[in-house]
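Student: Hints in hand, dock the two standalone chains.
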Amino acid sequence: MNLTLIIPEIFLFLWALLILFVDFFTAEEKKHRLGPLSLVGIVITVVLVVFSGQGQAFGEMFSADYYSLSFAIIFLGSAFLAICTSIDFARERIKHQGEYYALILLSTVGMMFLAASRELLSMYVSLELTTISLFVLSAYLKTDLKSSEAGLKYMILGAASSAILLYGISLLYGITGTTVLKGIQAELVGSAFPGPLLVISLVFIIAGFSFKLAAVPFHMWAPDVYEGAPTPITAYLSVASKGAGLAAMVRVFFGSLLPVTSEWIPLFMALATMTMVLGNIVAIRQSNIKRMLAYSSIAQVGYILVALSAASELATTSMILYLLVYMFANIGAFAVVIAFYNHSGTDEICEYAGLSRRSPFLAISLVIFFLSLVGIPPLAGFVGKYLLFLAAIQKGYYWLVGVAVLTSVISLFYYMNVVRQMYFRKPTKNDPVKVSWSLRLALVLSLIGVIAVGVYPDPFVSLISKAASVFVY
Amino acid sequence: MLDKVWLVLLFPLLGFLLNGLFGWKFKRGLINLIACGSVGLSFLVSLGVFLDLLKLAPEARHFEKVLFPWVVSGSFKTAFSFLVDPLSALMILVVSGVAFLIHIYSTGYMHDDPGYVRYFSYLNLFTFSMLLLVLADNLLLMYIGWEAVGLCSYLLIGFWYEKKSAADAGKKAFIVNRIGDFGFALGIMLTFVIFGTVYFTPILERAPEVLQYGGAAATAITLLLFLGAVGKSAQIPLYVWLPDAMEGPTPVSALIHAATMVTAGIYMVARLSALFLMAPVSMLVVAIVGGVTALYAASIGLMQNDIKRVLAYSTISQLGYMFLACGVGAFGAGIFHLMTHAFFKALLFLCAGSVMHALAGELNIQKMGGLKKHMPVTYWTFLMGTLAIAGIPGFSGFFSKDEIIWKAFSSAQGHFLLWFLGAAGALMTAFYMFRLLFLTFHGKSRLTPELEKRAHESPNKMTVPLIILAVLAVIGGYVGIPHLLGGGNRIEKFLEPSFGQVSKAVETHHSGGVELLMMIISVLIALGGVYLAYTFYIKKTELPKKLAERYRSIYTLIYNKYYVDEIYNAVIVQPLKFFAIICWRFFDVIVIDGSANGLAKLVGLIGNLIRRFETGYVRNYALGFVVGVVIILGYFMLR
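If you read the protein sequences in the order shown, they are chains A and B. Going by this note's numbering, the residue at position 276 of the first sequence is 276; the numbering climbs one at a time, nothing skipped. Going by this note's numbering, the residue at position 126 of the second sequence is 126; the numbering climbs one at a time, nothing skipped.
Just chain B, same shape as in the assembly (with noise of 0.2 angstroms):
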């Protein structure tokens, strides 16, 4: 199955092509068989790699497939060839079933949407940027996944593009991309100059001896590099188009935030790990800014009442946990928690989905309230996922969630504050994540009396996918129990190979008892969150209003996401507008214009003259001919 890894990307693509190109022939069975069936041969192909690698020896879990030569120009080689090791055959494992699942899903969520070909197709070519990005073994081929990826996000939330706001959304993650994607492109033009190749294999494997640790070079490399992850999986500061990107369906906005796209930052700083381990200050910028964006994020979401903005917050929060991990070396929990994120993410959205398809697209939960009677599975499901991600001990997001924490704190690079932002932002997940599983499900019902009636429960083709998903985000974190609880941490062991000697680096020295310590702190926090939220939206419902308007300029600081889009507007978007303007003006319209215009007009002109030979007679052509003949005779005589 190993040689044929790349069936993984061709079912999508086929399933693109068909849908793209004939899909406005099609019936929709047929569609949906091409959207899903494409989509679900890859993941079956995805587990076949996956099984197969499992049967090898840990250190020979390598394969490199090469399936045609690319580009090769001079010393700069690159083919179309992909790698398989346990990190790339992990996430296509992850990328492909997810996706699959919110494929069956959105063959219910978008029924009666007329641009339902469209979408599919899009949707197929979103799930294929994704695995070619993640399966690439050279960083061009993984620049070319990771711009479709930019453009299919572009293409879906902007998928009702008749409404102004979707078209802006898609615009904004386009542009804000954009930014990230010119630091990447810069540091793998930066790597080639230094590595002199973009092949992921010898560049790992030389970084040690070729760059100087703690170097500049080290540094520039690395921090290009993140700029470009930065971009793709929203951190500060460039983080203000996720929460936009919900303008788009609700399945996308599962697919975006749990399977594709913004994981894809966190890959590639994992699998570039041997480089940034090279650069301490780098690790250094990546673990703050990830932590901090952990907390900033998560604080944000404790105001929102808007369902899919809270969750757009709390993914921001969650890539930030991510983030962190990777810049205390913990590479592998990262990587955990973002398999677990992938599971729970996905089942929140789609729950979240599934309420709005209730209510006719109602997002505000200050007007729902009740809905566990209305709908019980989504009611079920919805509170699995919430306590993953809240950290509550027997659900997946425990595990990875501590072991980031932990490792925060614990690891040769971690810090005593690195855990304080982690902590801190664990503490208001619980409470927001909650708040949300209140306000829309328990509680008197606040629906409007057209709505009350119209609740219902989704179809089977929505409520099986949250199921399994519920399923995964409950046991997804069971192959990574800590060595602490008896476990054996099977998943971090089984990435090793791809991480190679980092393990080493970030080895802990700290005892036993320690580690226990902090995982009751961890879970007393995350239960704190929860006693919080129950009491503010259970029991005592009037004592938020009541701290609203007593703590009044910072709720409305918070509220409203501290302005950043507004300073973004003023300092960068106005003061570009101008200047572009003035380059229209000016420039564009007097400079490049006329020059253009007056060379159009000059070769007219001389096109004008020489029409003039072509006569019609024979007699002219004949004499050209023979004109021709002597002029070049006499060059040669007279040279």
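Extracted from the complex, chain A is given alone in its bound form (with noise of 0.2 angstroms):
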């Protein structure tokens, strides 16, 4: 046993015990104040991540790599970034703040546990300490309809994607005896033809992952609850939540299942495909910005898919650089909702008339995270997208590229309709949108991540290409 390993984790959990513990000896109107508090908890749990060493804990079950240090440190940037959005918007509308800080470190630890374990339970037991917790903090707005309503649609359809999840990883277990990632690829390799039975259990597991990640057809859930959760953990959902489905998703299939890449591929092509032009699709008609945003989130899960399906290491690479620069980009743009909503009380559309004029500072980062979206140089985006399709060229999926870049050419309409709003249209009222110091500063990071990714990729990428060497493709 190495616990020292897991010390970021154990150190992370143990603040937001703490948080809730500073929370009963906090007067009311100071608790605000708990979200700088959670930040300072994150920061030194990056730094505890990066400068603890690397092996394995727990027999083979936990595994403490580059790949674990990559999705550890965006999960913990997204939860930054969310708390940063969080504070005024939990000050004015939210009871309970310590737990509610409190619940998103949890939520974190789960999802840097997903990342670093290489064995299929401890890896469930993760995504459901991962998914709980957003559950709870998706009906956080207890007086809210649409808010109860997203908690509870969102537990009642996790539950059935985790029941099918766990069917698909028992029959796994029942072909080849074992759960650890390593021995469950032993017995592939060994094995002459896979049969139904392991097509059966890859069906359900990809469906159970693909639910947390929103893709087609496992996504219905997500609009719902995007638009009645309240907006930052909107934001947190729709990053961090993918991110872990990712991280898991890509350490099973990559990790054990290469040996049996023809089964599994065609079927990543065809979430890929749907996932894109249905996503990109709806959004067209949403009035809501932040159901709009749901659909565009589901829509870029497309394009990761479309790399997941070359399987190879540039495709790591490439999903998770293209997860880094799909958080700033998100998050920066859930901000400006964010802020928008604090001051102005709605999410429609149509009421961005004329922001430009009123708050040029937050029209201009929206179109900045806008484009990084869709994948404009020289913003981030485009170096993300970029490698993404590059992966699948190389593996000759010539067709699925240009369903990629078609369906990008299509979401430029959705996102440049908001932009029309914001620049061509006259604002019907001209106070401008207050900003606070937290939200600013989520606004900055994410441009300066938007900006720097894309115009010096270099150390980002040659850093995430050691984690996708953990895998032998």
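Some clues are possibly wrong.
[What the hints assert, rightly or not] DMTMM-like, lysine to aspartate or glutamate: derived pairs with alpha carbons at most 20 angstroms apart:
#1 A:Lys146 - B:Glu614
#2 B:Lys171 - B:Glu205
#3 B:Lys65 - A:Asp458
#4 A:Lys95 - A:Glu60
#5 B:Lys171 - B:Glu614
#6 B:Lys367 - B:Asp306
#7 B:Lys27 - B:Asp112
#8 B:Lys77 - A:Asp458
#9 A:Lys182 - A:Asp347
Hints in this document: simulated from the structure, not taken from any laboratory.
Tutor: The structure is reproduced here in structure tokens:
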């Protein structure tokens, strides 16, 4: 047993408890200070993650390597940004702020374990720790019907998907006799023909993970939950929850199922196509910006699935990089939405009319985030998409990349619709939108991320490619 | 210091970012400090780089610095990497030095302008772009600088954008430059196709093996690249943007004409000298275009009454000389003239600005006269600049221009006719410059009484740069005293490593006697021009009018700049406009818009349809989930 390897996770867990503890002794009007306190915990955890060593612990179950390191930084980053965007929102609209922050931290702990685990059951348990916290957070606006509905839907559907995932895992255990990924791989290399049982288990596992990723056709919960949940949670959900699903999916498929690629690659290609097409097309029709972003985030997963079908070292690199890039752009965009909501109490796109004149900084930031999501150079989204598509091109999936590029063009339509409202419509009100320091911090960090990765991707790519070399392709 | 060469670029870039992003919050003093300080630091680093380079042995003066890789795609590689050799070291020194003086001057000149911060952030960006262009060690990075310089010129020429003529001039500069840039871009692509790289060092080293002497590939590449140079350096037929470019603030004109922008074309041709030497046809084209432009633009300069317009045509003419030098293989002489020209042309423009500053923006020299007593510093410095550009012995322009005219005659690629173009141009240059000087500063005052009262010497911020530039305009030529006069022509020896085998290719075989004779002729020509101007505008002031009446038609033709703008408008602009309208009314509105709108409607309809599935009922969602699993399973089972 090598406990030192999980010091960051233990620390963050204790910090969550500390938040709960401090919460007891804090007066109601001072509770908003718990937000910055959580930020401090995250920063310390990042330092611990970077400087704690690498290796394995708990037999084969836990592995601290560059792969888990990359994901942990992305999870901690999105938690940091999400909490930044939460502070005002929580002060104004949420009771029990202590539990709110603690739940975000606990969910992050689950994700970190998830990215590091190399065994199906521990993976499942971490996934549940992540999702159950998110169920509660989605329903956090107790008096708001939409929020309660979101939480309930998320929980019921999440439970159903977990059941299917568990079923798939149990079948895989039945076939191979182990839940350790390495062992599974060894078994599969030896077996001559996989047989239908393996296919069923694969389909169930994919369905279970795809639910977390919100890939079509397992996406239906996403728009409702995204719309109903408190917006900072939506931002967190759209990045971190997807990231967790992706971390697990890549670890399982690239870490143990590479011997049987012919069984699952066509499936991912089909999922990718459906997800990109449906996500982008339906987003056009949305009049609520949170719902629009929900569909856009479904579409973004489609692009990631394109690379997942490529199953190569470059594919892994591109997916993790894209997740990083997507984190900055998406949480950044949500930060603008939150700032606007805090000020005006609405999420309707038509209310954004003339924002460029009311708050030029917010407007231009949103434009930059959207352009990055579309993949316009020199922003980070371009580098991300370029690598994703390059991975697929190298495997000769030209038609798949064709679909991806075409749907990217469609996506320009709904993103630019918001830009059109902000820049070419007259404002109905003239008061500038106030942006607090914490939101401003989230905005500036996201902007720096979106621009820095876009202009100078080299160091990021080379770091992340170390994570990709964890697997043997 | 060589390793820190990227600092040369960093400072102006930082200056641009700081003033551009936060300048609206800053106080004047801070803006000035950032704007001038950044370029000043850049100059100091350039100086350090230059001195370090001097310490090395001549053949070792070649240093490449890779900052970081930029685009790597298959066999195509570029990096943010810089090349320091005698040519680029001299260029950064001239660019940052002259730009620094212009920055200082601008703090006085633009004092009351509401766009103060915007002005200085553009100015820093301009300097940065030019330095990037000069330091790049590959064609693509040079192209970035090239385009950025074009953008900055657009921004600065149209700086007073609320004035229609300024906005139009900005657009004109940008569009005319695009034509040249297009050729340049094609040239870069062709170079990559043939050489498989865009880096200068391997291209220049391998040019003699890869290209056939006088072959089609060599000619095509160099002509395309030269098209780019013609656009940027304002040569026939793409010179039309430069005279209009003085719609911008006068220090900007000084910057464009002296340090940045127009010298880019010369620099590019000189940088790729080994390529041009493989294509004798292109060399001839360069020489002819240069020589004809030198004479042609000088002839227009004879008749203009706008002080800045005269100087603008004189720049075009002087750039023609530089191309003439390159065309006959005397790249060193071309760069030498580029340097001396940078000094005296910046000086002349800044003096013109000083005059305008004193006279509330008055530009017409027919309405000036006698300013000598009001603004002595401006007068004396202007005189130095005029003596230098006219090629009076002892001043910088004499050494560099005489070198060019001599090479046009004596080099292996030279010709008597090329010499004649240069010599005739020199006569005109001396004439129009002294005409300008006499009409502005000498004679009786033709100022209106209010202006007479207002006329004053400019503040120190403006006159100190003038004095420094005047000193440089006088002594700048002494680095290149020809062997004949007992000098060592040190600048050409310094630049030699950058041009490799060039100097041997154009070796001269004339005796010292011929060279001396030609030098005496060119001195006589210059003095003749001065004498003519003196007779016309000091002694017999009624003479110009009489001559103009007698040769009415020629006078109108030249006065209207040969109607080139009008011809371009009728032959190119109007037909293009007509074509554009057809494209717009028919093709764009009906075909493109029609199909785009149709597609959008279709996508919208599909979106509406799929949206129906999103019912909001948990049971439907769960069902969807299960159906999805079943369909996928079904696919695998039936496969």
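Student: Flag every earlier hint the structure violates by its number, smallest first.
Tutor: Per hint list: 2, 4, 5 and 9 violated.
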